[in-house]
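Undergrad: Let the sequences and hints guide you as you build the complete structure.
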Amino acid sequence: MPPALHVILGSPHNRVQGFLLAGHVCAVMGYWEYPEIAKKYGVPMAITGFEPLDIVQGILANVKQLEAGRVDIENSYPRAVTFEGNKPAQKTIEKVFRECDRKWRGIGTIPMSGWELRPEFDEFNAEKRFDVGEIKTEESSLCIAGEILQGLKKPNDCPAFGKECTPENPLGATMVSTEGACAAYFKYGRGGI
238 MPPALHVILG
248 SPHNRVQGFL
258 LAGHVCAVMG
268 YWEYPEIAKK
278 YGVPMAITGF
288 EPLDIVQGIL
298 ANVKQLEAGR
308 VDIENSYPRA
318 VTFEGNKPAQ
328 KTIEKVFREC
338 DRKWRGIGTI
348 PMSGWELRPE
358 FDEFNAEKRF
368 DVGEIKTEES
378 SLCIAGEILQ
388 GLKKPNDCPA
398 FGKECTPENP
408 LGATMVSTEG
418 ACAAYFKYGR
428 GGI
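Numbers given in this note's numbering equal positions in the sequence shown, counted from 1, plus 237.
Some hints here could point you the wrong way.
For lysine-lysine, the following DSS-like pairs were computed, each having C-alpha atoms within a straight-line distance of at most 27 Å [said to hold, decoys possible]: (1) K277 - K324; (2) K391 - K301; (3) K391 - K424; (4) K390 - K424; (5) K276 - K391; (6) K424 - K277; (7) K332 - K276; (8) K390 - K340; (9) K400 - K373.
Have a look at the derived ranges for each label pair, beta carbon to beta carbon [unchecked claim]: (10) R339 - R366: 15 to 23 Å; (11) H261 - V300: 21 to 29 Å; (12) C337 - V300: 48 to 56 Å; (13) F320 - L379: 20 to 28 Å; (14) H243 - P404: 17 to 25 Å; (15) R339 - N406: 22 to 30 Å; (16) L297 - D368: 44 to 52 Å; (17) D338 - G370: 16 to 24 Å; (18) L297 - F358: 37 to 45 Å; (19) G426 - V262: 18 to 26 Å; (20) E331 - H261: 13 to 21 Å; (21) E273 - P325: 20 to 28 Å; (22) S378 - R252: 42 to 50 Å; (23) P325 - E360: 36 to 44 Å.
Everything labelled a hint here was simulated from the structure, so no lab data went into it.
The C-beta atom is built at its ideal place from N, Cα and C for all residues, glycine as well.
TA: Here's what the structure looks like:
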């Protein structure tokens, strides 16, 4: 996640005022990398779980920091997340995978933002074992998910939102995932947020 945060926060068009960091990622990886990012860009961050109360606590933590003019990382999910994360899991990830460049839908390729199997595990790599060809992700010209992911636009700014693009027929990453901004707007806000 840190490479993606650098791209989003380093954009000259950045309007992000705070981040909710995914608790399931931080439970494994920890959050030791984030304080430096928060300070560099002046953006508060809160680690949250996925229950409604977890999310509200994370939003409240960010709002309190913004109101106080403070920039920090707040762990609003201490029952699952520690600063250092799950060291045995990290060692296994590092043994089996290596960082690689990865294309992010709506944003483009971000260097060293993904994981791929190390060569010694090629026998388990479906891309090498099977003739899958080049994997391409097609993006709809109607979809503005990249701008939404970067906080430049809201879901209801998209002309396809709720029409051509729904959770049953998603056009972009922000509607595909139940955790995505468009899916949340569709389910809870329908444009009224």
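Undergrad: Please go over all the hints and tell whether each is borne out by the structure.
TA: Status of the hints after comparison with the structure:
no.	hint	in the structure
1	K277 - K324	26 Å, holds
2	K391 - K301	23 Å, holds
3	K391 - K424	14 Å, holds
4	K390 - K424	18 Å, holds
5	K276 - K391	26 Å, holds
6	K424 - K277	34 Å, violated
7	K332 - K276	31 Å, violated
8	K390 - K340	21 Å, holds
9	K400 - K373	25 Å, holds
10	R339 - R366: 15 to 23 Å	20 Å, holds
11	H261 - V300: 21 to 29 Å	23 Å, holds
12	C337 - V300: 48 to 56 Å	36 Å, violated
13	F320 - L379: 20 to 28 Å	42 Å, violated
14	H243 - P404: 17 to 25 Å	30 Å, violated
15	R339 - N406: 22 to 30 Å	25 Å, holds
16	L297 - D368: 44 to 52 Å	51 Å, holds
17	D338 - G370: 16 to 24 Å	19 Å, holds
18	L297 - F358: 37 to 45 Å	42 Å, holds
19	G426 - V262: 18 to 26 Å	25 Å, holds
20	E331 - H261: 13 to 21 Å	18 Å, holds
21	E273 - P325: 20 to 28 Å	24 Å, holds
22	S378 - R252: 42 to 50 Å	23 Å, violated
23	P325 - E360: 36 to 44 Å	24 Å, violated
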